[in-house]
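Participant: Read off the chains here:
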Amino acid sequence: MRSGDFKTSYKEDISLLQTTFIKVCIGLFVISLIGFVLIADKYFVYIINLSAIATIGSLGINLLTGFTGQISVGQAGFLAIGAYSSAILTKCGFPFLLALPLAGLISTIAGFLVGIPSLKLKRLYIAITTFAFGFIIEHLANSWVSLTNGAQGMVVSPANIFGINIDTDKEFFFLVFPLAVLATIFARNLVRSKPGRAWIAIRDRDIAAEAMGIDLYRYKLSSFAVSSFYAGVAGSLMAHYFQYIGPTHFELLISVQYLAMIIIGGLGSILGSIFGAVFMTALPELLKLLSDLFKGSFPIFGEKFADINMILYGLIIMLFVIIEPKGLNGIWNNVKVYWKMWPYTH
Amino acid sequence: MFSEEVANFLQLILSGLAVGSIYAIVALGFVIIYKATDVLNFAQGELMVLGAFVCYFFIVQLHIPIIWAFLLTFVTVAIIGFITEELFLRPLVGEPIFSVIMVTVGLSIFLKGVIGLLWGYMIKKFPTFVSEAPISFSGIVISPIHLATIILTGILIVIFALFFKFSIMGIAMRAVANDQDASLLMGISVRKIFGLSWAISAIVASMGGILLSAITILHPSLSFVGIKVFPAVVLGGLDSILGAILGGLIIGIVENLAGGYIDPLVGGGVKELTAFVILIAIMMIRPYGLFGKEEIERV
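For the record, the sequence lines run as chains U and S. To convert, note that position 271 of the first sequence is 259 in the numbering used here; the numbers rise steadily by one, no gaps. For the numbering used here, add 18 to where a residue sits in the second sequence, where the first one is 1.
There could be a bad hint or two in this list.
[Said to hold, decoys possible] When the alpha-carbon atoms are kept at most 16 Å apart in a straight line, the in silico EDC-like pairs for lysine to aspartate or glutamate are as follows:
| no. | chain 1 | residue 1 | chain 2 | residue 2 |
| --- | --- | --- | --- | --- |
| 1 | U | Lys314 | S | Glu312 |
| 2 | U | Lys108 | S | Glu113 |
| 3 | S | Lys183 | S | Asp199 |
| 4 | U | Lys182 | U | Glu198 |
| 5 | U | Lys11 | U | Asp29 |
| 6 | U | Lys110 | S | Asp199 |
| 7 | U | Lys328 | U | Glu312 |
| 8 | U | Lys182 | U | Glu159 |
| 9 | U | Lys158 | U | Asp29 |
| 10 | U | Lys30 | U | Asp194 |
| 11 | U | Lys108 | U | Asp194 |
| 12 | U | Lys110 | S | Asp56 |
[Stated by the list, open to error] Here are some chain U residues the structure puts well away from chain S; computed CB gaps all over 12 Å:
| no. | residue |
| --- | --- |
| 13 | Ala28 |
| 14 | Val33 |
| 15 | Leu107 |
| 16 | Leu178 |
| 17 | Val179 |
| 18 | Tyr301 |
| 19 | Leu303 |
| 20 | Leu307 |
The hints are simulated quantities; they were obtained by calculation from the structure and are not laboratory data. Here a beta-carbon is modelled for each residue, glycine too, at the ideal position from N, C-alpha and C.
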């Protein structure tokens, strides 16, 4: 590995993937992932698909919370709006390719609505407002029966692109993976261009940002809008992947899960969002595996699986915040620095 | 005798007052933590349910007389609250508010798991400690437990008012809430006060939990009330104890009135939403609530 980046032209400096080494790494990763999906078991493809959807959602919340500093405890609300709009639109005869961006747009409008009151608010007051928003949406999904079919949930038609029904896990991978990549690249570029820099300035010190001429009103709202668009798209994909949605998919716990993703992955980091999304999607499956292992010798793991799962889940969130506030991305960076200097690490 | 309409209205107000009292108690516990330690505690509902289950454990599973069971419960939850602060919140003093929120969210999931692990999800009936025959008063019917809740809340509030006003501990807690550095210089152990406020808050929460499960049922899902408390404390102002109590009562009454008058018109579902709609409205108009301190930022 090279010990530093030595750039000789502006083009090199602004390119997304800066060294050949990284290009090769990412290329290999994509190829091996696709190869793995082609040969792997359905179960693994399912987890990869869920991770990809979660990545889109967690990128969204990271833009809002990690980059702009507006704590959102209502991500599940935006997901729900995306999922239900997409479900209802396709039911009314809209093609999936149109329903997907429309779901994002409807969610964006909701994002504006939540964003407007929060312009006056700071820090924990925003957390409480978004929290209330998530609660209201979950409640509406439950009780607005004529629109959402209430607690029974809705059956959603599988995604259909130009007459092809995407209803197997492997097919869905080739829909969701490009979208996740696109979302990542867009977010990556966004945070290093003007809006992203304005967001970071607002996060670090809003008064100073305003004094430097950043329009707080505009950039806070735009952050809400972009974030909820991401969530809406993720929600829509989720609906068409599960082919069923109900209020239980959008509980408070889901908002918490998304927050946990970006905390564990790394606040204000694109790569961290991906780490967090994959980690939090794989974690329940890992715990299931563990409990299967111990079930023989300790039967309590079998009976009380859900509770033990929850205890570990809570502990992991707390320990990450206390011990490694920079998250998985921080660990990754430390490892990278260690090997960059190897064997002369100090 | 009241006419039917008036009786109906008073009935709704009265039962709203009973539920509101419980909100007020839980909100009180919430504000005690927020005021002293600046922690927005998302786990208040779980602390509440934990208290109720601990009390249930002492009364039903160990057959301890009710008064002693209450005292034992308070001691137990106080210790749990103290340890929680020591283990999970102490390392985060001075960290950004986001990390603190996330830890309490993690704590709430953790406690949920512990409660489920220890007591399961069967619906339990909390042993009654007052008679169940409803009291009728010129056309208004109230059950003794509702009445007891309202009265107990009143007593509790007086006790806390006296505690904060006259006891050394209470004065020290107010001092810490006011200015941590200054109180440290005056020889108050801020560390101890932090732990203490969690302990007291856990006790208050367990009282709310016991009353609530006596009115309804005992089930882990009661921790839902911990969510309902947010509108109450925001309405009252996050850092005002009086505000929390009034906020809790107001939310309880308004919610009940909405349930009684609006729900039949639209076919239900409004009752649970009311509190949160109020919450968002307050956020837009007066985020520091009725009695809260307005945050003034200096550059």
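Participant: Each hint: holds or not?
Facilitator: Now for the hints, and whether the structure bears them out:
Straight-line distance between C-alpha atoms of U/Lys314 and S/Glu312 comes to about 32 Å, which puts the hinted pair past the 16 Å bound. A distance of roughly 23 Å separates the Cα atoms of U/Lys108 and S/Glu113; the hinted pair therefore is violated under the 16 Å criterion. For the proposed pair S/Lys183 and S/Asp199, the alpha carbon gap of about 21 Å is over 16 Å, so the pair is violated. Proposed proximity of U/Lys182 and U/Glu198 is supported: the alpha carbons are some 15 Å apart, at most 16 Å.
Under the criterion of a C-alpha separation no larger than 16 Å, the hint pairing U/Lys11 with U/Asp29 is inconsistent with the structure, at around 28 Å. A hinted pair counts as satisfied when its Cα atoms are at most 16 Å apart, and U/Lys110 with S/Asp199 does not qualify at roughly 24 Å. For the given pair, U/Lys328 sits about 21 Å from U/Glu312 by alpha-carbon distance, which is inconsistent with the 16 Å threshold. Under the criterion of a C-alpha separation no larger than 16 Å, the hint pairing U/Lys182 with U/Glu159 is inconsistent with the structure, at around 37 Å.
A hinted pair counts as satisfied when its Cα atoms are at most 16 Å apart, and U/Lys158 with U/Asp29 qualifies at roughly 10 Å. With a C-alpha separation of about 47 Å, the suggested pair U/Lys30 and U/Asp194 falls outside the 16 Å cut-off, and the hint is violated. As the CA atoms of U/Lys108 and U/Asp194 are separated by approximately 12 Å, the hinted pair is consistent with the 16 Å bound. Only pairs whose Cα atoms come within 16 Å are accepted, and U/Lys110 paired with S/Asp56 is accepted, the gap being roughly 15 Å.
With 12 Å as the threshold on Cβ separation, the claim that U/Ala28 sits away from chain S holds: the shortest Cβ distance comes to roughly 31 Å. Residue-level check passed: U/Val33 sits 29 Å from the nearest beta carbon of chain S, beyond 12 Å. Once the 12 Å rule is applied to beta carbons, U/Leu107 is inconsistent with being away from chain S; the minimum gap is 10 Å. At roughly 21 Å, the least C-beta separation between U/Leu178 and chain S is larger than 12 Å, which holds for a residue marked as non-interface.
Taking the minimum C-beta to C-beta distance to chain S, about 18 Å, the non-interface status of U/Val179 holds against the 12 Å cut. With a minimum CB-CB distance of about 6 Å to chain S, U/Tyr301 fails to clear the 12 Å threshold, and the non-interface call is violated. The beta carbon of U/Leu303 is not kept farther than 12 Å from every beta carbon of chain S, the shortest such distance being approximately 6 Å. A Cβ of chain S approaches the Cβ of U/Leu307 within 12 Å, the least distance being about 8 Å, so the stated non-interface status is violated.
Of the numbered hints given earlier, the model fails hints 1, 2, 3, 5, 6, 7, 8, 10, 15, 18, 19 and 20; all others are met.
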